[in-house]
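As you go down the protein sequences, you meet chains E and F in turn. Residues in the first sequence are numbered from 234 upward in steps of one, following our numbering. Residues in the second sequence are numbered from 221 upward in steps of one, following our numbering.
Be careful, since some hints might not be right.
Residues from chain E that keep clear of chain F, each with C-beta distances beyond 12 Å, as calculated [said to hold, decoys possible]:
1. Tyr246
2. Asn297
3. Ser312
4. Ala354
According to the in silico footprint, chain E covers these stretches of chain F (three or more CB under 8 Å from chain E) [what the hints assert, rightly or not]:
5. 222-229
6. 258-267
7. 273-284
8. 311-323
9. 331-345
In short, the hints are calculated from the structure, not lab data. The beta carbon of each residue, even a glycine, is placed where N, CA and C say it ideally should be.
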Amino acid sequence: MAWADIDLYAVNYLMTAAAMNALADDLTYLHAPNFAVYHHPGTGGVYTLAAGNYGQDVDATNFNLTITTTGGPVMTLFSGMGLTSDATTSARFTIVHLDPISYMGRNEFNVFDAEIESATAVPVCILKPFDNLPAGSHTFRLTWGVGGTGSGTLNVVEKPFLAAWEGT
Amino acid sequence: MSWPTLPSFSATNIPSAAQLNLFNDAFNHLHTPVLSKYEEPGAVDFTTTSPAGTWVAISGGNYSKTITMSGGHCLVLFSCVAIRASFDLFVDSVQRGDATVGSVHFGGASRVIVNYACLLDNTVLPAGSHTLEMKWCRRGGVGTATISVINTPRFYVMQLKGG
Numbered sequence: 234m235a236w237a238d239i240d241l242y243a244v245n246y247l248m249t250a251a252a253m254n255a256l257a258d259d260l261t262y263l264h265a266p267n268f269a270v271y272h273h274p275g276t277g278g279v280y281t282l283a284a285g286n287y288g289q290d291v292d293a294t295n296f297n298l299t300i301t302t303t304g305g306p307v308m309t310l311f312s313g314m315g316l317t318s319d320a321t322t323s324a325r326f327t328i329v330h331l332d333p334i335s336y337m338g339r340n341e342f343n344v345f346d347a348e349i350e351s352a353t354a355v356p357v358c359i360l361k362p363f364d365n366l367p368a369g370s371h372t373f374r375l376t377w378g379v380g381g382t383g384s385g386t387l388n389v390v391e392k393p394f395l396a397a398w399e400g401t
Numbered sequence: 221m222s223w224p225t226l227p228s229f230s231a232t233n234i235p236s237a238a239q240l241n242l243f244n245d246a247f248n249h250l251h252t253p254v255l256s257k258y259e260e261p262g263a264v265d266f267t268t269t270s271p272a273g274t275w276v277a278i279s280g281g282n283y284s285k286t287i288t289m290s291g292g293h294c295l296v297l298f299s300c301v302a303i304r305a306s307f308d309l310f311v312d313s314v315q316r317g318d319a320t321v322g323s324v325h326f327g328g329a330s331r332v333i334v335n336y337a338c339l340l341d342n343t344v345l346p347a348g349s350h351t352l353e354m355k356w357c358r359r360g361g362v363g364t365a366t367i368s369v370i371n372t373p374r375f376y377v378m379q380l381k382g383g
């Protein structure tokens with residue numbers, strides 16, 4: 234069911250069955266979850282990235298979610314476990330709205346949501362809202378970059394999770 | 221208040237008060253935030269020597285919430301400061317992460333903040349009653365897992381869109 238604009242009521246407006254049903258449909262729409270999630274199955278190889286790579290997709294196929302919104306804000310969430318090859322190498326994670334401005338790949342390595350510098354795996358948790366999004370289709374991706382001399386790793390065994398949903 | 225089934229109107233249908241009140245109920249349902257939370261009031265650190273993969277309740281089950289869903293979705297947040305510990309969310313006793321290490325963990329001997337968040341949609345939580353619980357165990361083969369209580373461990377279950 235799609236969101237539909239409600240009639241603007243005026244004095245002597247005749248509330249038709251169609252108008253009532255449109256109201257009911259929009260209420261039902263608001264109650265229905267509008268979301269996309271990817272819950273990694275926990276199998277397969279870890280994600281790795283060598284230092285010097287900035288703004289790469291972690292997984293362009295799976296950590297890449299599209300939802301169709303009605304114009305409201307979108308909340309995004311990532312939870313996983315990451316580490317770096319040494320304690321001076323930095324791995325930085327960002328959830329981006331796929332547009333030409335916020336994408337971290339344009340050498341904006343200093344714009345990020347979470348950073349780890351740890352040779353022992355530590356939690357990476359991001360909860361990030363996006364607003365001023367027009368109604369329509371929007372894509373959100375988990376990206377990362379690694380600085381220093383080593384590499385970064387995102388584990389998969391813990392079943393990392395990415396979600397995007399309209400409304401906060 | 222549960223989510224009402226909204227009526228479908230036909231051309232000759234004059235809405236009754238009861239039908240219109242269902243709209244009120246729906247608006248109120250959407251407007252009512254449903255938050256179940258536990259913020260640790262204790263002062264004594266929690267410890268466990270439960271081996272990796274043997275998941276036990278935290279603090280006697282205080283990090284467990286039973287909620288009633290109506291087709292919406294649910295945001296779950298947990299955070300604490302811990303040493304050598306693994307954590308995971310169990311939804312109706314089904315574990316979300318890895319059987320041995322869970323969803324989040326830290327194996328070091330120093331204190332680290334542990335954050336966990338997930339969105340549970342209506343395929344995971346269909347309408348009805350559900351129990352969500354954070355459990356923990358030791359990370360690694362030896363030692364004791366600790367939760368630092370002075371940092372106020374917390375567990376939030378937020379039913380979105382009225383749940």
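For each hint given before, does the structure comply? Return the numbers of the non-compliant ones in rising order.
3, 4, 6 and 7
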